[in-house]
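A.B. asks: These protein sequences, in sequence, are chains A and B. At the far end of the first sequence sits residue 470, using the working numbering, and the numbering has no gaps. At the far end of the second sequence sits residue 138, using the working numbering, and the numbering has no gaps.
Hints listed in this document are in silico derivations from the structure and should not be mistaken for laboratory results. Hints may contain errors.
If you want the footprint, here are the derived chain A segments under chain B, 3+ residues with CB under 8 Å [as the list claims (entries may be wrong)]:
(1) 202-216
(2) 365-375
(3) 380-390
(4) 393-399
(5) 418-427
Result set (PhoX-like, lysine-lysine): computed pairs, CA atoms no more than 25 Å apart in a straight line [said to hold, decoys possible]:
(6) B:K22 with B:K8
(7) A:K363 with A:K206
(8) A:K217 with A:K206
(9) B:K8 with B:K24
(10) A:K255 with B:K135
(11) A:K272 with B:K22
(12) B:K103 with A:K188
(13) A:K255 with B:K22
(14) B:K135 with A:K436
(15) A:K255 with B:K24
(16) A:K363 with A:K188
(17) A:K188 with A:K415
(18) A:K272 with A:K233
(19) B:K66 with B:K116
(20) A:K255 with B:K66
(21) A:K206 with A:K323
(22) A:K415 with B:K8
We treat Cβ as the ideally placed atom computed from N, Cα and C, and that holds for glycine.
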Amino acid sequence: MSEREIVVPFDHQQSAHCETGVISNLMRFHGLRVSEPMAFGIGSGLFYSHMPFLKLNGIPVTSYRILPGHIFKRFSRNIGVEMKRMSFRDQDEAMRELDKVLDQGLPVGMLTSVFYLPYLPKAYRFHFNAHNIVVFGRKGDEYLVSDPVMDGTTTIHRTALIRARFAKGTPNTNGRMYYPVKVPTDADLKKAAAKGLRRVARDMANTPLPMFGSKGIPYLAGKLRKYQEKLGDRRALLYLGNLIRMQEEIGTGGAGFRFMFAAFLQEAATLLDRPELREKAKEMTAIGDQWREFAFEAGRMVKGRSEAGSSFATLADRLVAIGVMEQRFFKDLARTS
Amino acid sequence: MRKEDVPQDDANILEGKFKVVKYAVNENGDYVVVPSVGWEPENVALEQAWDVVHENVADAKKKVLAGESSTLAYHMEVNMMDAALLAQHMNLPARTVKKHLQPSEFAALDKALLQRYADALMITIEELKKLPE
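Extracted from the complex, chain A is given alone in its bound form (with noise of 0.2 Å):
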């Protein structure tokens, strides 16, 4: 490890989510000027899935993206832009290979289990292992991070970042890191928005498989009726818990990311010069909202507080009108897109 101080001028801003906040943060570095939003759309990020085969800590996964890593690849196709990848198996050759490219004076992204990175409250650390940060400078043993669902920088210690990046489990992070080695100036981000935008419509509408693209929220809706008498109580609520928090915890935005999709919608509105785009920008919203009170009914029922006649049925139809309207939305969307 070279012994010089480093700090790479990186111009952190706090985002929703933290892959999109990523790219968006480390693409104005390099000069491009994307939203969170925008990144998000040209990158197609917006996916619902519900899969009952596979569980996380022995719950279901939902998920209301496309799979973690596959923003910024979908994004960096789109734009052009290329992208150094690189995963290690040895932890000091990991922390050369960094304090390297932070040498050269680029900052670097890296996937982390938000379990190891003590900077976080204590809440959110469970083992997570798809966190995406960036660092961008080195003084002594102390790391400097912009973490994109923090509204400043902060600092980790370079034994805590190790474990951070070394961590096991769902997935393995294996050192995991990246940086931009050329970033087009000239990206046409018209064309890149309009074919994200196309992306996502056509697989919310199309994707073959119950439980994939808008369709899987209503065989979410015929699994979530029948939880209470296949699970019991106490299970029943646990997997409803984890609904609400992977629909709202910490980076999606809010409403599964369905406000970002919204915020990505009407600007693309103006940059395509597709005003009707401000339209479906509000109907996405509307949307959202119906999924906000999803949440809000299924956090009385968790809480134990809830209404008399809410229960797991009620919160079924809630989720078969919401895939209702999603599936039009999108039907429509990739339609006119």
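Following the hints, position chain B against chain A.
C.D. replies: Frame of chain A; chain B shown alone:
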């Protein structure tokens, strides 16, 4: 969600360290980012998840006190790990770690292995060998 409807239900989950941002529409119908300290359903769900962790830790503690488990089992739960995950950190087969969850097997471990467990669980050997006060 309108800007003024962005919830500010503070359950001290963020420990006052920062606010998260949500997307909401302002009076002109334009999307903006709005800081939030939390939302009740989110807080409730997070609390529920922690209750499970705390129950697991309490169960592990009981088993240690009853002589059914080694202190390793307790510290494993504190780190929110199961034997499979701890085994990955230790580079050992899961069944070996499971064996070490038994008091007699744990008592026979050599210092080197104890040190590796202590490192994986971010404590000292002394702490690993007992329950906290």
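A.B. asks: Tell me, in ascending order, the numbers of any earlier hints that this structure violates.
C.D. replies: 1, 7, 14 and 17
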